[in-house]
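One letter stands for each residue in the lines below.
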Amino acid sequence: MEIRLNGKERAVANGITIRQLLDELKLHPLRVAVQVNLDIIKRDRYEEVVLQPGDTVEVLTFMAGGSASPGESRAPKQEVFDARR
Amino acid sequence: MRGGETLKIANKEFRSRLIVGTGKYPDYPTMQKALEASGVEMVTVAVRRVNLDRTQESLLDYIDLKRYTLLPNTAGCYSADEAVKYARLAREVGLSNMVKLEVIGDQRTLFPDNEELLKATKVLVKDGFIVLPYTNDDPVFAKKLEDAGAAAVMPLGAPIGSGLGIRNPHNIAIILESAKVPVIVDAGVGTASDAAIAMELGSDGVLMNTAIAGAKDPVKMAEAMRKAVEAGRLAYLAGRIPKKSYASASTTMEGMIE
Numbered sequence: 043m044e045i046r047l048n049g050k051e052r053a054v055a056n057g058i059t060i061r062q063l064l065d066e067l068k069l070h071p072l073r074v075a076v077q078v079n080l081d082i083i084k085r086d087r088y089e090e091v092v093l094q095p096g097d098t099v100e101v102l103t104f105m106a107g108g109s110a111s112p113g114e115s116r117a118p119k120q121e122v123f124d125a126r127r
Numbered sequence: 049m050r051g052g053e054t055l056k057i058a059n060k061e062f063r064s065r066l067i068v069g070t071g072k073y074p075d076y077p078t079m080q081k082a083l084e085a086s087g088v089e090m091v092t093v094a095v096r097r098v099n100l101d102r103t104q105e106s107l108l109d110y111i112d113l114k115r116y117t118l119l120p121n122t123a124g125c126y127s128a129d130e131a132v133k134y135a136r137l138a139r140e141v142g143l144s145n146m147v148k149l150e151v152i153g154d155q156r157t158l159f160p161d162n163e164e165l166l167k168a169t170k171v172l173v174k175d176g177f178i179v180l181p182y183t184n185d186d187p188v189f190a191k192k193l194e195d196a197g198a199a200a201v202m203p204l205g206a207p208i209g210s211g212l213g214i215r216n217p218h219n220i221a222i223i224l225e226s227a228k229v230p231v232i233v234d235a236g237v238g239t240a241s242d243a244a245i246a247m248e249l250g251s252d253g254v255l256m257n258t259a260i261a262g263a264k265d266p267v268k269m270a271e272a273m274r275k276a277v278e279a280g281r282l283a284y285l286a287g288r289i290p291k292k293s294y295a296s297a298s299t300t301m302e303g304m305i306e
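If you're matching them up, the sequences are chains A and B in order.
According to the working numbering, the first sequence holds residues 43 to 127 in order.
According to the working numbering, the second sequence holds residues 49 to 306 in order.
Keep in mind that a hint or two might mislead.
To give an idea of the chain A side of the interface with chain B (calculated C-beta under 7 Å), a few residues [to be verified]: (1) Met43; (2) Ala55; (3) Gln94; (4) Gly96; (5) Thr98.
Computed footprint of chain A on chain B; a stretch qualifies when at least three of its residues, placed anywhere within it, have a C-beta under 8 Å from a C-beta of chain A [as the list claims (entries may be wrong)]: (6) 53 to 61; (7) 118 to 131; (8) 193 to 203; (9) 257 to 264; (10) 281 to 293.
Simulated crosslink set (BS3-like; lysine-lysine; CA at most 25 Å straight-line) [as the list claims (entries may be wrong)]: (11) Lys68(A) with Lys114(B); (12) Lys81(B) with Lys84(A); (13) Lys174(B) with Lys84(A); (14) Lys84(A) with Lys170(B); (15) Lys114(B) with Lys84(A).
Bear in mind the hints are in silico, worked out from the structure with no lab data behind them.
The beta carbon of each residue, even a glycine, is placed where N, CA and C say it ideally should be.
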């Protein structure tokens, strides 16, 4: 069956659980968060939640970041302007 | 006087008053060395999609979780609902209920959206989170966040990544006067003296990312920031002399030859 995983279509076995999906992706369950169709799935339910065809699944983890978007702001490229003008 | 040997946030205690972000480093090994040189015990991280094709290394391979406390942020969120969602996702990844709450209101300045920030703070506090909101240098609003249950307030010194320093030290001082929770200056620091100024004002801590990560030598700058935060804190505790317009000699005239 097809699911949408992190924004891309992906074929997975029918009746696959979240735990099985993470195993297939070689992801450690202690290092991710999983959201299915906008619901956050608690870690202790990974073995029991069975994915359905067409489910939208997001698997997230910690990435480098300080403030705002890890990229740049969409500010115009300019140096300091004179605020007193 | 905002005394204390350590930085206490809710039930957690930190010896270092510096918190640094993990973004924008040239590479992870440099980040790792900079973290070490900065002496920090807490680092901020973002929550994003797992890279499924494994072409990139994982940040967590470079952060010793026994040594550093992760402070997940809601970076890139533009509404209370979105920020609450990301905070909850972060809690799932990290099994920690501490969050640096950011709700951005404008892409150009990355200034916070206060209305949404307050809303998200209330929801997350009720949900059991230790909430550290990133806010303007506005004493009235900082108080509102505190009243809403924020565990600390994080006023900006200047826009994120701008390196403009502490633009309104008087506002930070007013926030410090009335806040009963830790005040951590977040954003705006460009160089070591900015961090020292924030600490000399009596801030409980300083959070920065770009100033270190974007420096020509991030590891050296990390060390500079560690020393600046320590120096600023010491100067605050020591109590500076009042400013005067005229000189006052530090050597007596007595004993000079005629």
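Closer than 8 Å Cβ to Cβ for three or more residues is the test here. Does the stretch 193 to 203 of chain B pass it with chain A?
That given contact is violated, which follows from only 0 residues of the stretch 193 to 203 of chain B lying within Cβ reach (below 8 Å) of chain A.
Taking the closest Cβ pair, is Gln94(A) under 7 Å from chain B? Gln94(A) check fails; min Cβ-Cβ to chain B is 20 Å, beyond 7 Å.
8 Å C-beta test of the stretch 281 to 293 of chain B against chain A, three or more residues
violated (count 0)
Worksheet item: Against chain B, with CB atoms and a cut of 7 Å, does the hint on Gly96(A) hold up?
Response: With a closest approach of 19 Å, the Gly96(A) hint is violated.
Q) Does Lys84(A) lie within 25 Å of Lys114(B) when you go C-alpha to C-alpha? A) holds (24 Å)
Against the 25 Å threshold, does the CA-CA distance of Lys81(B) and Lys84(A) hold or violate the hint?
violated (34 Å)
Given the hint that Lys174(B) pairs with Lys84(A), does the C-alpha gap stay at or below 25 Å? holds (19 Å)
- request: Tell me if Ala55(A) is really an interface residue toward chain B, meaning its C-beta lies closer than 7 Å to one of theirs.
  value: violated (17 Å)
- Tell me if chain A covers the stretch 257 to 264 of chain B under the three-residue, 8 Å CB rule, please? With 3 residues close enough to chain A, the hint holds.
Given hint Met43(A) near chain B, where the shortest CB pair must fall under 7 Å: violated (18 Å)
Just to be careful, I want the Cα atoms of Lys84(A) and Lys170(B) compared with a cutoff of 25 Å; is the pair within it?
holds (22 Å)
State whether the coverage of the stretch 118 to 131 of chain B by chain A holds or is violated, taking the criterion as 3 or more residues with Cβ-Cβ distances under 8 Å.
Answer holds; 5 residues pass the 8 Å Cβ test.
The structure is inconsistent with the numbered hints 1, 2, 3, 4, 5, 6, 8, 10 and 12, although it conforms to all the rest.
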